[in-house]
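Sequence lines, in order, name chains A and B.
Per the working numbering, the first sequence runs over residues 2 to 114.
Per the working numbering, the second sequence runs over residues 13 to 126.
It should be emphasised that the hints constitute simulated quantities derived from the structure, not laboratory data.
Predicted model only: the values in this text are computed from it and were never measured.
Note that beta-carbon positions come from the ideal geometry of N, C-alpha and C, so glycine has one too.
Hints are supplied without guarantee of correctness; some may be wrong.
To be verified - Partial list, derived from the structure: chain A residues whose beta carbon lies under 10 Å from chain B:
| # | residue |
| --- | --- |
| 1 | Tyr-34 |
| 2 | Gln-42 |
| 3 | Glu-45 |
| 4 | Phe-46 |
| 5 | Ala-94 |
| 6 | Glu-102 |
| 7 | Leu-103 |
| 8 | Glu-107 |
Said to hold, decoys possible - Each computed SDA-like pair below joins lysine to any residue, with the alpha-carbon atoms no more than 20 Å apart:
| # | chain 1 | residue 1 | chain 2 | residue 2 |
| --- | --- | --- | --- | --- |
| 9 | B | Lys-61 | A | Ala-32 |
| 10 | A | Lys-58 | A | Thr-31 |
| 11 | B | Lys-118 | A | Glu-45 |
| 12 | B | Lys-118 | A | Gly-60 |
| 13 | B | Lys-118 | A | Phe-46 |
| 14 | A | Lys-58 | B | Ser-15 |
| 15 | B | Lys-118 | A | Gln-42 |
| 16 | A | Lys-58 | B | Ser-109 |
| 17 | B | Lys-118 | A | Thr-31 |
| 18 | A | Lys-12 | B | Gln-54 |
| 19 | B | Lys-118 | A | Arg-110 |
| 20 | B | Lys-61 | A | Gly-43 |
| 21 | B | Lys-118 | A | Leu-40 |
| 22 | A | Lys-58 | B | Ser-71 |
| 23 | B | Lys-118 | A | Glu-86 |
| 24 | A | Lys-18 | A | Ser-96 |
| 25 | B | Lys-81 | B | Gln-14 |
| 26 | B | Lys-61 | A | Ser-96 |
| 27 | B | Lys-118 | A | Val-90 |
| 28 | B | Lys-118 | A | Lys-18 |
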Amino acid sequence: GAGVSQSPSNKVTEKGKDVELRCDPISGHTALYWYRQRLGQGLEFLIYFQGNSAPDKSGLPSDRFSAERTGESVSTLTIQRTQQEDSAVYLCASSLVLTGELFFGEGSRLTVL
Amino acid sequence: AQSVTQLDSQVPVFEEAPVELRCNYSSSVSVYLFWYVQYPNQGLQLLLKYLSGSTLVESINGFEAEFNKSQTSFHLRKPSVHISDTAEYFCAVSSRSGYSTLTFGKGTMLLVSP
Chain A
2 GAGVSQSPSN
12 KVTEKGKDVE
22 LRCDPISGHT
32 ALYWYRQRLG
42 QGLEFLIYFQ
52 GNSAPDKSGL
62 PSDRFSAERT
72 GESVSTLTIQ
82 RTQQEDSAVY
92 LCASSLVLTG
102 ELFFGEGSRL
112 TVL
Chain B
13 AQSVTQLDSQ
23 VPVFEEAPVE
33 LRCNYSSSVS
43 VYLFWYVQYP
53 NQGLQLLLKY
63 LSGSTLVESI
73 NGFEAEFNKS
83 QTSFHLRKPS
93 VHISDTAEYF
103 CAVSSRSGYS
113 TLTFGKGTML
123 LVSP
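Start from the sequences and build out the full structure, keeping to the hints where you can.
As structure tokens, this is what we get:
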């Protein structure tokens with residue numbers, strides 16, 4: 002597609018439920034990133050994919066968070082047993098080269114009640 | 013490891029006034045530097061970047077930033093702002109050596125009023 006696409010754009014869930022957030026990167030971009038933006042905070046790195054492998058998962062805040070990428074394309078971020086502190090905008094970005102020029106989606110806003 | 017400090021969380025300014033948004037970074041290795049902008053209800057977009065060469069880089073909408081290695085800074089400036097420049101601005105850094113995630117500052121909200 003023309004840009005990075007994320008779905009859903011908004012998700013409201015109850016504490017304890019699992020959620021899945023999807024990211025469709027720009028076609029041909031081998032690198033894919035997930036960031037989290039909580040209210041009043043900067044962007045917090047979660048995980049990085051190069052192709053289908055994730056060489057850097059250092060930002061995942063707990064084992065409730067996981068992500069996968071298939072076919073060097075779509076990625077899914079899964080949050081199990083959601084907590085209120087998981088409420089945030091989850092941003093996906095993709096890039097072609099390692100010089101940090103990331104192209105961001107518009108984000109998935111997650112609200113945990 | 014690297015970090016980015018944006019000391020000002022909010023900068024209010026009148027239209028047509030000059031503005032400077034401050035960014036300082038910390039890194040043990042050489043870096044690439046970026047400014048991203050997030051307009052209301054939109055995703056982040058790259059505004060400008062320093063990769064190599066001239067330490068002064070410019071964007072298409074009149075912003076400029078200068079890489080100052082001795083002061084480890086990459087401040088963003090515009091001589092005359094417009095209402096449409098109202099947005100959140102994020103400074104970011106990545107390492108030149110091999111793979112590196114992009115580390116962001118906490119952002120500065122630029123509020124331009126008439």
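Against the structure, the hints:
{"no.": "1", "hint": "Tyr-34", "verdict": "holds, 7 Å"}
{"no.": "2", "hint": "Gln-42", "verdict": "holds, 6 Å"}
{"no.": "3", "hint": "Glu-45", "verdict": "holds, 8 Å"}
{"no.": "4", "hint": "Phe-46", "verdict": "holds, 5 Å"}
{"no.": "5", "hint": "Ala-94", "verdict": "holds, 8 Å"}
{"no.": "6", "hint": "Glu-102", "verdict": "holds, 6 Å"}
{"no.": "7", "hint": "Leu-103", "verdict": "holds, 6 Å"}
{"no.": "8", "hint": "Glu-107", "verdict": "holds, 4 Å"}
{"no.": "9", "hint": "B/Lys-61 <-> A/Ala-32", "verdict": "holds, 19 Å"}
{"no.": "10", "hint": "A/Lys-58 <-> A/Thr-31", "verdict": "holds, 16 Å"}
{"no.": "11", "hint": "B/Lys-118 <-> A/Glu-45", "verdict": "holds, 9 Å"}
{"no.": "12", "hint": "B/Lys-118 <-> A/Gly-60", "verdict": "holds, 16 Å"}
{"no.": "13", "hint": "B/Lys-118 <-> A/Phe-46", "verdict": "holds, 12 Å"}
{"no.": "14", "hint": "A/Lys-58 <-> B/Ser-15", "verdict": "holds, 18 Å"}
{"no.": "15", "hint": "B/Lys-118 <-> A/Gln-42", "verdict": "holds, 6 Å"}
{"no.": "16", "hint": "A/Lys-58 <-> B/Ser-109", "verdict": "holds, 19 Å"}
{"no.": "17", "hint": "B/Lys-118 <-> A/Thr-31", "verdict": "violated, 27 Å"}
{"no.": "18", "hint": "A/Lys-12 <-> B/Gln-54", "verdict": "holds, 17 Å"}
{"no.": "19", "hint": "B/Lys-118 <-> A/Arg-110", "verdict": "holds, 18 Å"}
{"no.": "20", "hint": "B/Lys-61 <-> A/Gly-43", "verdict": "holds, 19 Å"}
{"no.": "21", "hint": "B/Lys-118 <-> A/Leu-40", "verdict": "holds, 10 Å"}
{"no.": "22", "hint": "A/Lys-58 <-> B/Ser-71", "verdict": "violated, 33 Å"}
{"no.": "23", "hint": "B/Lys-118 <-> A/Glu-86", "verdict": "holds, 18 Å"}
{"no.": "24", "hint": "A/Lys-18 <-> A/Ser-96", "verdict": "violated, 31 Å"}
{"no.": "25", "hint": "B/Lys-81 <-> B/Gln-14", "verdict": "holds, 14 Å"}
{"no.": "26", "hint": "B/Lys-61 <-> A/Ser-96", "verdict": "holds, 14 Å"}
{"no.": "27", "hint": "B/Lys-118 <-> A/Val-90", "verdict": "holds, 14 Å"}
{"no.": "28", "hint": "B/Lys-118 <-> A/Lys-18", "verdict": "violated, 29 Å"}
The structure shown violates the earlier hints numbered 17, 22, 24, 28.
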